[in-house]
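I would like the entire structure built from these sequences, with the hints used as guidance.
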Amino acid sequence: MKDKRPVLSKKLDNFFRGLADAFAFVKRFFQEVWFPPYEFKEILRQCYEIGYRSLPLISLTGFIIGIVFTNQSRPSLAEFGATSWLPALISIAVVRALGPLVTALIAAGKVGSSIGAELGSMKVTEQIDAMEVSAINPFKYLVITRTLATTFMIPVLVMYTDFVALMGSFINVNQNELVSLSTFFVQVFESISFLDIFSSVIKSLVFGFTIGIVGCYKGYNSTKGTEGVGQAANSSVVMSMFLIFIEELLALQIVNAIRYA
Amino acid sequence: MRESVIEIRNLYKSFGDNDVLRGVDLDLYKGENLVVLGKSGSGKSVLIKILVQLLKQDEGYIKILGKDLSKLNLRELNQLRLKIGFAFQASALYDSMTVRENLEFPLTRNVKNLSRKEIDYKVERLLDSVGLPNTINQMPSELSGGQKKRIGVARTLILNPEIMFYDEPTAGLDPITCIDINNLINQVREEYKTSSIVITHDLTCAKVTGDRMAVLVKGQFKAVGSFEDVFENASDPNIKSFYDYNFIK
Ligand SMILES: Nc1ncnc2c1ncn2[C@@H]1O[C@H](COP(=O)(O)OP(=O)(O)OP(=O)(O)O)[C@@H](O)[C@H]1O
Ligand SMILES: [Mg+2]
Numbered sequence: 001m002k003d004k005r006p007v008l009s010k011k012l013d014n015f016f017r018g019l020a021d022a023f024a025f026v027k028r029f030f031q032e033v034w035f036p037p038y039e040f041k042e043i044l045r046q047c048y049e050i051g052y053r054s055l056p057l058i059s060l061t062g063f064i065i066g067i068v069f070t071n072q073s074r075p076s077l078a079e080f081g082a083t084s085w086l087p088a089l090i091s092i093a094v095v096r097a098l099g100p101l102v103t104a105l106i107a108a109g110k111v112g113s114s115i116g117a118e119l120g121s122m123k124v125t126e127q128i129d130a131m132e133v134s135a136i137n138p139f140k141y142l143v144i145t146r147t148l149a150t151t152f153m154i155p156v157l158v159m160y161t162d163f164v165a166l167m168g169s170f171i172n173v174n175q176n177e178l179v180s181l182s183t184f185f186v187q188v189f190e191s192i193s194f195l196d197i198f199s200s201v202i203k204s205l206v207f208g209f210t211i212g213i214v215g216c217y218k219g220y221n222s223t224k225g226t227e228g229v230g231q232a233a234n235s236s237v238v239m240s241m242f243l244i245f246i247e248e249l250l251a252l253q254i255v256n257a258i259r260y261a
Numbered sequence: 001m002r003e004s005v006i007e008i009r010n011l012y013k014s015f016g017d018n019d020v021l022r023g024v025d026l027d028l029y030k031g032e033n034l035v036v037l038g039k040s041g042s043g044k045s046v047l048i049k050i051l052v053q054l055l056k057q058d059e060g061y062i063k064i065l066g067k068d069l070s071k072l073n074l075r076e077l078n079q080l081r082l083k084i085g086f087a088f089q090a091s092a093l094y095d096s097m098t099v100r101e102n103l104e105f106p107l108t109r110n111v112k113n114l115s116r117k118e119i120d121y122k123v124e125r126l127l128d129s130v131g132l133p134n135t136i137n138q139m140p141s142e143l144s145g146g147q148k149k150r151i152g153v154a155r156t157l158i159l160n161p162e163i164m165f166y167d168e169p170t171a172g173l174d175p176i177t178c179i180d181i182n183n184l185i186n187q188v189r190e191e192y193k194t195s196s197i198v199i200t201h202d203l204t205c206a207k208v209t210g211d212r213m214a215v216l217v218k219g220q221f222k223a224v225g226s227f228e229d230v231f232e233n234a235s236d237p238n239i240k241s242f243y244d245y246n247f248i249k
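Protein chains in written order, with full-length UniProt numbering: chain A, 1 to 261; chain B, 1 to 249.
Be aware that a few hints might be false.
What the hints assert, rightly or not - Restricting the straight-line Cα-Cα distance to at most 25 Å, the calculated cross-link-like pairs of lysine to any residue (SDA-like) are:
(1) A:K224 with B:A171
(2) B:K71 with A:F139
(3) A:K27 with B:R22
(4) B:K83 with A:S114
(5) B:K71 with B:A90
(6) A:K11 with A:M241
(7) B:K117 with A:E39
(8) A:K41 with B:E101
(9) B:K117 with A:F139
(10) B:K222 with B:Y12
(11) B:K56 with A:M241
(12) A:K27 with B:L55
(13) A:K140 with A:K11
(14) B:K56 with B:E101
(15) A:K27 with A:Q231
(16) B:K83 with A:P37
(17) B:K39 with B:E59
(18) B:K56 with A:E32
(19) A:K110 with A:K11
(20) A:K140 with B:D95
(21) B:K63 with A:D129
Hint data in this document are derived by calculation from the structure and do not stem from the laboratory.
Structural data, given as structure tokens:
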């Protein structure tokens, strides 16, 4: 018989057990992702779902951020008579930080929660068990496909958000400073470096992976009937947002270390 | 001696402090329908989930179709699972897929190189045999409880199992639909030559579908035998009350 006394305290024990569980889940992902069956069809379907679900909100948010951020930055630059630097300033802010962060947070809310809810309800209605007893690996079919889809799609969405935000910014700049589209984008591309784009893509891949794996983990391990489904959806959003901020901070440290090395 | 397809010896399972199975012994003979009865929460679902290793036993010996479960690796276990059809208590249809896709899913993933025609033929034939040919393009959310149960059975039959587990096939259904489901269980045995475990607390279902009854009380099988042996001559008060409750006179 197992010893049922807690090692530290019940809460801490559960915390560490949860942590170990989560690591085992991530480890299983990296063990199984390399081997067939690859389920390309399901991955594509998930990619489509992710894009389809988040595109309207991301377009709107990106556009508005572009306009508002430009508008709010103008007075400070105007003090130094440097409003011509607006495109450079905005493009750096958008590409380095705002684009990836905003996209990831929106996707965590829209995509992460729906992955959590979907897998959670599959778990509590025994659909995951049903796959297992018909000799289908549910981890492969559900977790790996969804996680790969978010990992690939978030960078694509980030590029899109960057573009939309810059267009928003351009409209504002165009009205106030009478800069043409080509001049605007020449300035944009002069101010962002290869490192900016490269690090933004890597960061987005990590964000995407986080959103997918957290949603899947929470859903796959949900319990307690229908109540558990709501909890899975909710906690996957909270958890992935939290992790995204931590990752953003880490990324900042790493990129700065490279940039000023 | 009759040939056993499943042998269970001295099976134990507990969840924390909750000792669910406490030394279960049971045989399923080839070609029979064995009915497992027991109160809600007595561990009937846990028992068959252990048999397909959705849950791991704490202790005990299980042999299915000549294979000792504890000696199988995952691949061998999956081979064995394909010979077992598991009809879930709540049907467990994949609700993002149509009825057709639900039936195809286990087939296309386990049998390689089937042509579109063969798949369609199998799916349509099975839907016919469970009496629901018109539901083929519907989503599970559009089906009634009884229809879901039957599609669930059809989905497990698509791989031609040798053993069937039905987890409360008639629970929550009206008496007429229950008769349909009971007939379906008997029809499956005739057509597919399966050996089955039928879990239920519905004594009509038990009587109509079962060759033998086994009553799970406090984690063990207290009575095993024909319906008459187990119920009409019952002396154990647990079993007696079960019977009296079902047939209030
Ligand atoms: N995964 C699990 N974790 C913890 N406890 C469980 C788990 N599955 C089942 N149990 C417990 O095991 C006991 C038996 O459950 P089981 O589902 O086998 O009952 P049952 O006989 O099928 O009842 P019903 O007729 O209501 O379906 C219950 O007390 C239940 O709480
Ligand atoms: Mg049950």
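*Non-conforming hints, listed in increasing numerical order*: 3, 4, 5, 9, 11, 13, 14 and 19
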